[in-house]
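Protein chains in written order, with our numbering: chain A, -12 to 435; chain B, 157 to 451.
Treat the hints with care, as some may be off.
[Unchecked claim] As a list, the in silico DMTMM-like pairs of lysine to aspartate or glutamate whose alpha-carbon atoms are at most 25 Å apart:
id	chain 1	residue 1	chain 2	residue 2
1	A	75	A	59
2	A	256	A	212
3	A	177	A	234
4	A	287	A	200
5	A	371	B	314
6	B	176	A	342
7	A	298	B	411
8	B	176	A	100
9	A	298	A	136
10	B	305	A	59
11	B	226	A	136
12	B	176	A	333
13	B	226	A	134
14	A	177	A	269
15	B	176	A	338
16	B	226	B	236
17	A	177	A	270
18	B	176	A	330
If you are wondering where the hints come from, they were derived from the structure by calculation, not from laboratory data.
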Amino acid sequence: MSAVESRAGPRLPAAPPPAGEPGRLARYLTGALFLAPAFFLLGVWIVYPAVYTIVRSFFGQAGFLGHWVGIDNYRTLFTTSSLTTAIKNNAIWVAVVPALVTAIGLVFGVLTERVRWAVAFKTVVFLPMAISAFATGVTWRILYQQDPDLGAINALGRSVAGVLSPAGVLSEALPSTPGLQPSRGGLVLKAPLEPGRVALLGVTAIPPQDVPEGAAQAVRPQPAEGAVAGVVWRDFKPGGGTPGVVEAGELGLPGVTVDLRDEAGKVVKRATTGADGTFRFEDVPPGSYRAGIDRQTFAKPFGGYAWLGAKLITPSLLIAYIWIWAGFAMVVIAAGLSAMPRDVLEAARTDGASELQVFRRVTVPLLAPVLSVVFVTMIINVLKVFDLVISLAPESTQADANVIALAMWRTAFLGGQNFGEGSAIAVFLFLLVVPVLALNIRRFRREG
Amino acid sequence: MAAAAETIAVPTPRESPAAKILRYVARAPVHLVLAFLGLLWLVPTIGLFITSILPASSLASSGWWQIFSKPSLATWSNYDALFHNAGLTDALETTAYIAVGNTVLVVVVGALAGYAFAWLEFPGRDWLFLVVIGLLVVPLQMALIPMFKLYDSVGIFDTVLSIVLFHAAFGLPFAVFLLRNFFVGIPKDILESARIDGASELRIFLRLILPLGLPAIASLAIFQFLWTWNDLLVALTFGQNVQPITVWIFGQLREFGTSIDVIAPASFISLVVPLAVFFAFQRYFVQGLLAGSVK
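Make a model of the complete structure from these sequences and hints.
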């Protein structure tokens, strides 16, 4: 850190020992020679191209000085949907990332001050900074895969969903006769029933591998006094069979939830089928009822969120980006914390301030300059984001994930090679970071 | 940093054993939260590594965590195949040329300019330095189109040289800024006495400034190396047959699902070098980062 501190040198180095006129000329020449290589590179690779790009942005696709289009390229920027998407997305990036990264960095910085293994933690969180944004994109693309068998994040989602709302026994089944109709997410018999009748709930379209384990030959139950008996079975056997009739070779479906509803549609009894598919509602008072299979039987298993799909791609990118940059914020803020006057903190604690009060009233205000540096740096970084988007977003959703830097590259170097429009996007990006340029120069002047 | 943390961790010199235990218990949530977060931050990289050592056949049906139940699946065959793939080995070589070439160029040119701005006197010096600072924020997108055309007409499109020069120019403002600020802090007496002894400026630069400025130069070199090693945008724009590793992997991304046994290990190879550099020179890396941002 001494390297950093010793920057604060003299404002102007003292003049070399007095010399005559020829000596001065030689000194100027020496300076020019030392600077020449740097200014050659800066001039040819930054200054000339920047001027060229600004001029080029007022000309059309046809070629340099080909045909003047005025500000048409800039107008397109705000009227073409792919470009407005990019601007909107970048606005989301700017609104979300700098604030979150700074906040996370602050929390991590403060927390690590309290443990002895802080160095290990900091190293781990800082690691992504050394990795290319491109490799990070590949890494997260593996985690984000939609199939819960392949993507770790959706696999985690599936284990949570499995507890909260388990998948039903029959997720794809269809009724085998028109007498059984979809209702309330389940299937209900059209015909009303009285106690003493038998309900036949036949379903089909169940692939053999989806038949619940332990299924046995379906049995048509005997009617019983004061009860509604019934069977849920796979109303299908190789070679056909008659729909609506329990036949030899057809399997009962165990574990299915069946409801008995009154006239008002209220569930009055609930039962679960046995191995042969039979069930029975006991002690049913006289009246008219409807029997049906409950909706939870048809609950679809968790199929995974489309993290890389059109809707979620930008949030997915933001998460990966924060994963990269949290370490940067943490390290810079931790350095600011360690440089903080300890006596001020101690004084506040001695005066009886709680840790939370010390944090809010002393730590954060004292850190404000460091926090604002992190925040501003992150704004610039986020405006220029490119590698992560192009590597993490699959080609099919890159239009939805579009950001300004990516839009510039795609417009200028993919397909149409529209250099006029591409130049306008580059200039637009430049204009967005100019305020930060002014800030940098001011800070330099102040600190000399 | 660690020393500072310990001074606040022990506010009172004497503490009863009970108070000590109480303090540890009170801290337990912090330890747990940090351990959880640390793990969370490690998982993606671990996932990439494990994916890279699994055969494509097992990755088609199940995720990388299957290795915890079937550790015998692990194999180096993906890596073995990659190192016999001329595409990858060429890409690694190209990456090394670009990263090393750019680092050397930026350090040499940046140090010369940094010295001039710090210790030589000529008209307009501070003003010129301000211009350099201003160039810090010019996004490189401003130069992609003109240099694409210029490279084409000069005939150096699709060469390592064209990529290196582009990187070097955009690395220079930060380099000059960092080194000038460091060189200014070198004690004046040392330079004065060397000048009185009649040493030339070049000699002073080589014999005094470079050795004394080594910490800042090391920070800069590491930054430049990592920046160019990890670059995708510049190489993607100016290279076609000349492909560093990022561009080479990018070419495979279209078939993400089916070439995962190439993409994952190649990505891991691409990040091994930056990680090694980071671990070897962590101190300089952090210094450079702080100098660049806290300023």
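Going through the hints against the structure:
no., hint, verdict
1, A/75 x A/59, "20 Å, holds"
2, A/256 x A/212, "16 Å, holds"
3, A/177 x A/234, "22 Å, holds"
4, A/287 x A/200, "18 Å, holds"
5, A/371 x B/314, "24 Å, holds"
6, B/176 x A/342, "18 Å, holds"
7, A/298 x B/411, "22 Å, holds"
8, B/176 x A/100, "18 Å, holds"
9, A/298 x A/136, "21 Å, holds"
10, B/305 x A/59, "22 Å, holds"
11, B/226 x A/136, "15 Å, holds"
12, B/176 x A/333, "19 Å, holds"
13, B/226 x A/134, "20 Å, holds"
14, A/177 x A/269, "21 Å, holds"
15, B/176 x A/338, "22 Å, holds"
16, B/226 x B/236, "21 Å, holds"
17, A/177 x A/270, "22 Å, holds"
18, B/176 x A/330, "23 Å, holds"
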